[in-house]
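Q: Here is what each chain is made of, one letter per residue.
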Amino acid sequence: MADYLKPLPIPSPESVPFWKGAKEHKLKIQKCNECNGTWFPPATICAHCGSRDHDWIEACGEGNIHSFVTYHRIYHKGWEGELPYVIAIIELVEGARMLGNIVGIEVDEVVCDMQVKVMFDDVTAEVTIPKFQPA
Amino acid sequence: MNVEPSNHLRDRCAIVGTATSKLGKVPGMSAIGLLEEAMAGALEDAGLTTADVDGLLVRGPDEIYTFHQVVGERLGIDARFSTTLTNGGASQVMGVALATMAIDAGLASCVLVGYGRDNWSRVHATKDNHLRSSGRPQELYGVEFGPELGYYGAIAAHAFGATRHMHEYGTTRDQFGAIAVAFREHALRNPDAMMKKPLTLDDYRAGRMVVAPFGLFDCSLQTDAAGAVVVTSAERARDLRQRPVLIKGFGTHNNISGWFNNDNLTHTGAIEAGKTAYAMAGLGAKDIDFAQIYDCFTYMVLVQLEDYGFCEKGEGGEFVASGALKLDGVLPTNTSGGQLSEAHVEGMLQIVEGVRQLQGKYGPDRQVKDAEIGLISGHGGNTVCESTLILGTA
Chain A
1 MADYLKPLPI PSPESVPFWK GAKEHKLKIQ KCNECNGTWF PPATICAHCG SRDHDWIEAC
61 GEGNIHSFVT YHRIYHKGWE GELPYVIAII ELVEGARMLG NIVGIEVDEV VCDMQVKVMF
121 DDVTAEVTIP KFQPA
Chain B
1 MNVEPSNHLR DRCAIVGTAT SKLGKVPGMS AIGLLEEAMA GALEDAGLTT ADVDGLLVRG
61 PDEIYTFHQV VGERLGIDAR FSTTLTNGGA SQVMGVALAT MAIDAGLASC VLVGYGRDNW
121 SRVHATKDNH LRSSGRPQEL YGVEFGPELG YYGAIAAHAF GATRHMHEYG TTRDQFGAIA
181 VAFREHALRN PDAMMKKPLT LDDYRAGRMV VAPFGLFDCS LQTDAAGAVV VTSAERARDL
241 RQRPVLIKGF GTHNNISGWF NNDNLTHTGA IEAGKTAYAM AGLGAKDIDF AQIYDCFTYM
301 VLVQLEDYGF CEKGEGGEFV ASGALKLDGV LPTNTSGGQL SEAHVEGMLQ IVEGVRQLQG
361 KYGPDRQVKD AEIGLISGHG GNTVCESTLI LGTA
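So the protein sequences, as listed, match chains A and B. Counting from 1, one number per residue, gives the positions in the first sequence under the working numbering. Counting from 1, one number per residue, gives the positions in the second sequence under the working numbering.
Derived by calculation from the structure, the hints in this document are not laboratory data. All figures in this text were calculated on a predicted structure; none of them were measured in a lab. One or more hints might be untrue.
Stated by the list, open to error - Quick partial rundown of chain B residues pointing at chain A, CB under 10 Å, derived from the structure: (1) Gly41; (2) Glu148; (3) Leu265.
Idealized CB from N, CA, C, for every residue including glycine.
Turn these sequences into a full structure, and let the hints steer you where they fit.
A: Below is the structure:
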């Protein structure tokens, strides 16, 4: 764990519940109590109707790949030796979209609209990063 | 609410001077030094001096948000209207639009619009800078939902769009390659262009992958350079040195609800920005003789061409592969070589090129025949900002 060389997230005040949830292996997103819309990244008002009345819910963790890219070069030393790797825009079943790494599959087998589900990578003793794998 | 553009702005103002600094690898010059060179050149081109200037609009370097003040101090200009724009690559076209609005509102009479960067020198100054690619200080990146995933650089954001377009419409990398090849052919006719070697589709295919689906030749250049233009009223333009180029229409649209939202990856701000610009100009896609399309990456050319109505949505791949973008094609595009092969100054050079084409400045090897109307796009702000300019001969 002491050898983890990638950047760690520095949560904004609004996103603390997301990272706390991840630590407990729960994918937490915000859901509006007025229009039932969900959104990501975290914000204090609903991106769909502007309401300020919302709750943090646990997403079911399933979704599909809206789009993805495959890195063939590194932009940070933490990824040395890990090329190629995939980052996707995941559309969760609840509707919100978030970025996530795709793991557990060969990079050239990843396609748009593919079904994926969350897994939790405990990258350090303190930090867990949600990632996605084929459903 | 439906908003109608003010048609009285059509032909209200003109671009009367253009210049670029040296382009390419220009060690020993700062971004602002390059910008001064371009601004002084644009004024000279117009037959004006800094004493005539009462407006200043610049896109600042990422780390200097009071950039118009720095530039004004060095040029010795007090401005009735000045500010720094932060719409990324959409800033330069927006600067021309804002200049027109300011002149129309009586806030200024003669506005300098420019941008300069020392990107090549900054990125290549140290090995560590190169790793960061943009040369921006690391702390300016977001601190969550990006870096911890290995998500860096404008390239990935745009590549998401390319992937989705390929999935929905069957667009291919070879079609992206046709864009790179066409612009390279244009660059070979431009003595100032950074790229001097021919590029074939096989060369394109052989380029190393960077962030797939983008390889080396899908990416624009790192450049030290600046460009500037002078905007004034059409009435005043008649008495100046150059053949004036009229600002016929402009529009902007920013999908700032997010690049990942809705269908924004495949339907850019160019749809609405273009509608506004066409309405103001009283023109449509069929009236455009040439285009200078913001080409940070090949895919962005393809999708903007669709969104400006030069072909149907989803048919951009076939359109670019047909040879349409070549100098003798149906829509000569990025006739200087663009940011993929001339130099990358976030759209500023494409305004300069558009104006010069309409002034008929080039020899037959580079001049668009009978060019009367040109469309110039600016695109940026991490993919969601779009500005459109339609220029025409007087």
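Q: Next step is simple, just say for each hint if it's right about the structure.
A: Hint check results:
1. The restraint placing B:Gly41 at the interface with chain A is violated, with a minimum CB-CB distance near 36 Å, outside the 10 Å limit.
2. With 10 Å as the threshold, the beta carbon of B:Glu148 comes within range of chain A, its nearest partner Cβ sitting at about 5 Å, so the hint holds.
3. Interface restraint check for B:Leu265: the shortest CB-CB distance to chain A comes to about 6 Å, inside 10 Å, so the restraint holds.
Hint compliance for this structure: hint 1 alone is broken.
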